[in-house]
Amino acid sequence: MTAVLEEHFDATIRHDRRIEPRDWMPDSYRKTMIRQIAQHAHSEIIGMQPEGNWITRAPSLRRKAILIAKVQDEAGHGMYLYSAAETLGADRADLTGKLVTGAQKYSSIFNYPTLSYADVGVIGWLVDGAAICNQVPLCRSSYGPYARAMVRICKEESFHQRQGYELLMTMMRGTDAQRAMVQDATDRFWWPSLMMFGPPDDRSPNTERSMAWGIKRHTNDELRQRFVDMTVPQAEKLGVTLPDPQIRWNDARGRYDFGAVDWAEFDQVIKGNGPCNAQRIAHRTRAHQDGAWVREAALAHAAKLGQR
Amino acid sequence: MTDHTAEGGHGAVPTSGVPVEPDATQVRGDWPLYEVFLRGKRGLNHVHVGSLHAADPEMALRHARDLYTRRNEGVSIWVVKASDITASSPDEKDPFFAPAADKVYRHPTFYEIPDDVPHM
Chain A
1 MTAVLEEHFD
11 ATIRHDRRIE
21 PRDWMPDSYR
31 KTMIRQIAQH
41 AHSEIIGMQP
51 EGNWITRAPS
61 LRRKAILIAK
71 VQDEAGHGMY
81 LYSAAETLGA
91 DRADLTGKLV
101 TGAQKYSSIF
111 NYPTLSYADV
121 GVIGWLVDGA
131 AICNQVPLCR
141 SSYGPYARAM
151 VRICKEESFH
161 QRQGYELLMT
171 MMRGTDAQRA
181 MVQDATDRFW
191 WPSLMMFGPP
201 DDRSPNTERS
211 MAWGIKRHTN
221 DELRQRFVDM
231 TVPQAEKLGV
241 TLPDPQIRWN
251 DARGRYDFGA
261 VDWAEFDQVI
271 KGNGPCNAQR
281 IAHRTRAHQD
291 GAWVREAALA
301 HAAKLGQR
Chain B
1 MTDHTAEGGH
11 GAVPTSGVPV
21 EPDATQVRGD
31 WPLYEVFLRG
41 KRGLNHVHVG
51 SLHAADPEMA
61 LRHARDLYTR
71 RNEGVSIWVV
81 KASDITASSP
91 DEKDPFFAPA
101 ADKVYRHPTF
111 YEIPDDVPHM
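In the order they appear, the protein sequences are chains A and B.
Following my numbering, the residues of the first sequence are numbered contiguously, the last one being 308.
Following my numbering, the residues of the second sequence are numbered contiguously, the last one being 120.
No wet-lab data here; the hints were simulated from the structure.
Note that beta-carbon positions come from the ideal geometry of N, C-alpha and C, so glycine has one too.
One or more of the hints may lead you astray.
As the list claims (entries may be wrong) - Straight-line C-alpha distance at most 35 Å; calculated DSBU-like pairs for lysine-lysine:
#	chain 1	residue 1	chain 2	residue 2
1	A	K155	A	K304
2	B	K103	A	K31
3	B	K41	A	K155
4	A	K271	A	K64
5	A	K155	A	K64
6	A	K304	B	K81
7	B	K41	B	K103
8	B	K81	A	K155
9	B	K41	B	K81
10	A	K271	A	K31
11	A	K271	A	K155
12	A	K64	B	K41
13	A	K237	A	K155
14	A	K64	A	K237
Said to hold, decoys possible - Selected chain B positions facing chain A (Cβ under 7 Å, derived; list incomplete):
#	residue
15	V13
16	G17
17	V18
18	D23
19	G50
20	S51
21	L67
22	T69
Work out the full structure, taking the sequences as your base and the hints as a guide.
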């Protein structure tokens, strides 16, 4: 029986059709999808913090309104994704529990601090730019609910990247001090952005299976290269220097060469030794605990109305 | 060592040693799940867009507005408690929908009409 079901599943993947929630699927596929979607959701939720940090200190009402809208989008992205994870039998409250206890992780990029308002711009430009490179192929994920959530998310990410770049262009037209802030933020976020694509392909043993299942469409190295190719001309136009002296156009490859990423730092941040790991989780835990009485009161109120 | 990859949108996360099954002791007093349907604009059907948690239907409607219509994606919203939905499974497709497949006479192309009959 399982063989027939498995053949049906394989054929659906082979024809590049979508797997839908009540379909039979191998348990390993289901678990992999929950893990992927849940940790993506956690990244969006934790991703509100570095920028949310600047809402009260935005330089103008216009920037403040934009930043609030952006952070609200990140919350929305987290919600779309938790919703998709629940179609696989995950439970939202349980996922939050797994985030705050550290059983499941979020992207390492959010463990870096945001030290100036230029960081808001650079996060939009580089971090969201890298996210777009990752996310656009995920709109074709073999798991239907995830792919559909990604379509919504990608539409909104485009606003995120553009507001960031526009913010930086504005600062670059400003004073020397403002230009220095943009350069400093670029220096700090460039390498962590490249790490967002994960270790080199030869250190990424699950990639092959994920690609066979149609839940990962390009390898880590390919996505990283795309990001570099996309970003170098943007940096030139902006007038900032990317902190990698080895970046140069390679005519033979038709792509940019770039230097080696410090994977030891990446391993440290992932292990929990990044600059802000503890702070991010503590903040999320506090928000969850502080909201507990509201959740309970709303349930009690609904139960009371139900009895009338 | 733990394997990491850029599998989620915002980048590298561990892909091994990560539990995914719900832990029953964690789950308590959670708000029920509602499915959300949007009418994108007048003249279109409501379409399923996702789900959310809310304490009651009124709250579900407000949350649906904030979550699924931040950019004018809808002119009307339905919310339905997920537990109230009865659904067929895509895998049951063949037997469940067989009654439709064997009634070809329900389709206009079943009938041969000469080309020179106008407006048909």
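These are the hints, each one checked on the structure:
no.: 1; hint: A:K155 <-> A:K304; verdict: 40 Å, violated
no.: 2; hint: B:K103 <-> A:K31; verdict: 40 Å, violated
no.: 3; hint: B:K41 <-> A:K155; verdict: 18 Å, holds
no.: 4; hint: A:K271 <-> A:K64; verdict: 34 Å, holds
no.: 5; hint: A:K155 <-> A:K64; verdict: 21 Å, holds
no.: 6; hint: A:K304 <-> B:K81; verdict: 18 Å, holds
no.: 7; hint: B:K41 <-> B:K103; verdict: 33 Å, holds
no.: 8; hint: B:K81 <-> A:K155; verdict: 28 Å, holds
no.: 9; hint: B:K41 <-> B:K81; verdict: 23 Å, holds
no.: 10; hint: A:K271 <-> A:K31; verdict: 22 Å, holds
no.: 11; hint: A:K271 <-> A:K155; verdict: 32 Å, holds
no.: 12; hint: A:K64 <-> B:K41; verdict: 31 Å, holds
no.: 13; hint: A:K237 <-> A:K155; verdict: 24 Å, holds
no.: 14; hint: A:K64 <-> A:K237; verdict: 26 Å, holds
no.: 15; hint: V13; verdict: 4 Å, holds
no.: 16; hint: G17; verdict: 9 Å, violated
no.: 17; hint: V18; verdict: 5 Å, holds
no.: 18; hint: D23; verdict: 6 Å, holds
no.: 19; hint: G50; verdict: 4 Å, holds
no.: 20; hint: S51; verdict: 4 Å, holds
no.: 21; hint: L67; verdict: 5 Å, holds
no.: 22; hint: T69; verdict: 11 Å, violated
When the structure is compared with the earlier hints, violations turn up for hints 1, 2, 16, 22 and for no others.
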